[in-house]
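Peer 1: Line by line, the protein sequences give chains A and B.
Residues 56 to 171, numbered by this note's numbering, are exactly what the first sequence covers, in order.
Residues 263 to 377, numbered by this note's numbering, are exactly what the second sequence covers, in order.
What the hints contain is simulated information worked out from the structure, not anything from laboratory work.
Every value quoted in this text rests on a predicted model; they were computed, and no experiment measured them.
A virtual CB, placed ideally from N, CA and C, is assigned to each residue, including glycine.
Be a bit skeptical, because a hint or two may be false.
Unchecked claim - One side of the interface only, derived from the structure: several residues of chain A facing chain B at Cβ under 10 Å:
id, residue
1, V59
2, N62
3, Y90
4, Q92
5, G95
6, Y103
7, D114
8, C146
9, A147
10, V159
11, L160
12, F162
13, G165
As the list claims (entries may be wrong) - Computed footprint of chain A on chain B, listed as stretches where at least three residues anywhere in the stretch have a Cβ under 8 Å from a Cβ of chain A:
id, segment
14, 290–302
15, 306–320
16, 360–367
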Amino acid sequence: EAQVTQNPRYLITVTGKKLTVTCSQNMNHEYMSWYRQDPGLGLRQIYYSMNVEVTDKGDVPEGYKVSRKEKRNFPLILESPSPNQTSLYFCASSPWNLLSGANVLTFGAGSRLTVL
Amino acid sequence: SQQGEEDPQALSIQEGENATMNCSYKTSINNLQWYRQNSGRGLVHLILIRSNEREKHSGRLRVTLDTSKKSSSLLITASRAADTASYFCATSRWRSGAGSYQLTFGKGTKLSVIP
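The following block holds chain A by itself, in its conformation from the complex:
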């Protein structure tokens, strides 16, 4: 089944304790992206990647890191989490086209993170 898999789905952690949210897709998509969703703010893009070793900042990259060493994986790293990073996180992937960019996104089920 074509899918984007995120782990963990739920996590409660404390301020300053490094954590990684993994994301993997099995569709051979070039494009992958991380979003956070907060009440009243909708989905905001954190980082995206157009292919292996190509990553760039989205609208809200502060406090996050990503890497794209393999095509299928795009982990989101919080080096020193803070309470304002408490949110619902989504990973998504898409085929990539030079002319039209990212097209239809396939989303993961989400990772709900709480930072105390």
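On the provided structure of chain A, position chain B as indicated by the hints.
Peer 2: For chain B alone, coordinates are given in the frame of chain A:
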């Protein structure tokens, strides 16, 4: 920054009625997409309309695009309780910093269909 703005923010209708949601945007787009999200779950793609298209249908969904007004509407006909969800528009627009098209989401319309 968010490009698409959905209207209304929330909509409550009776089962069987039609639901219309609107999306406005500010800059030229390559395409516009609508997604659905059941409470707290991942978004699911519904329909994509390209900038040179005016209307598109998919089952009970009808999407229109007016590039002169920079707006789109999503119509769900004969709504069902199972249509209760949040609906987001996403615009594919040129992002100069990225040197490519990128998708940007609005804040969504929360639809409640009452049985």
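Peer 1: Take the hints in turn and mark each one as holding or not.
Peer 2: Evaluation of the provided hints:
1. Given the 10 Å rule on beta carbons, the hint for V59 (chain A) holds: about 8 Å separates it from the nearest Cβ of chain B.
2. Checking N62 (chain A) against chain B by beta carbon gives a least distance of about 14 Å; that is not within 10 Å, so the hint is violated.
3. Using the Cβ-Cβ criterion of 10 Å, the hint placing Y90 (chain A) at the interface with chain B is satisfied: the shortest such distance is roughly 7 Å.
4. Of the supplied interface hints, the one on Q92 (chain A) holds, with its beta-carbon coming within about 9 Å of a beta-carbon of chain B, less than 10 Å.
5. For G95 (chain A), the interface hint holds, since its Cβ comes within 10 Å of a Cβ in chain B; the closest pair sits about 7 Å apart.
6. For Y103 (chain A), the interface hint holds, since its Cβ comes within 10 Å of a Cβ in chain B; the closest pair sits about 7 Å apart.
7. Taking 10 Å as the C-beta cut-off, the interface hint given for D114 (chain A) holds, the closest approach to chain B being about 6 Å.
8. About 9 Å separates the beta-carbon of C146 (chain A) from the nearest beta-carbon of chain B, less than 10 Å, and the hint is met.
9. At a threshold of 10 Å, the smallest CB-CB gap from A147 (chain A) to chain B is about 8 Å, leaving the interface hint in force.
10. The interface hint given for V159 (chain A) is met, as the beta carbon of that residue sits about 5 Å from the closest beta carbon of chain B, less than 10 Å.
11. At a threshold of 10 Å, the smallest CB-CB gap from L160 (chain A) to chain B is about 7 Å, leaving the interface hint in force.
12. About 4 Å separates the beta-carbon of F162 (chain A) from the nearest beta-carbon of chain B, less than 10 Å, and the hint is met.
13. At its closest, the beta carbon of G165 (chain A) sits 6 Å from a beta carbon of chain B; the interface hint therefore holds under the 10 Å criterion.
14. Using a Cβ-Cβ cut-off of 8 Å, 5 residues of the segment 290–302 of chain B lie near chain A, which meets the minimum of three, so the contact claim holds.
15. With 3 residues having a Cβ less than 8 Å from any Cβ of chain A, the segment 306–320 of chain B passes the three-residue criterion, so the hint holds.
16. With a threshold of 8 Å between beta carbons, the proposed coverage of the segment 360–367 of chain B by chain A holds, since 7 of its residues qualify and at least three are required.
When each numbered hint is compared with the structure, a violation occurs for hint 2 only.
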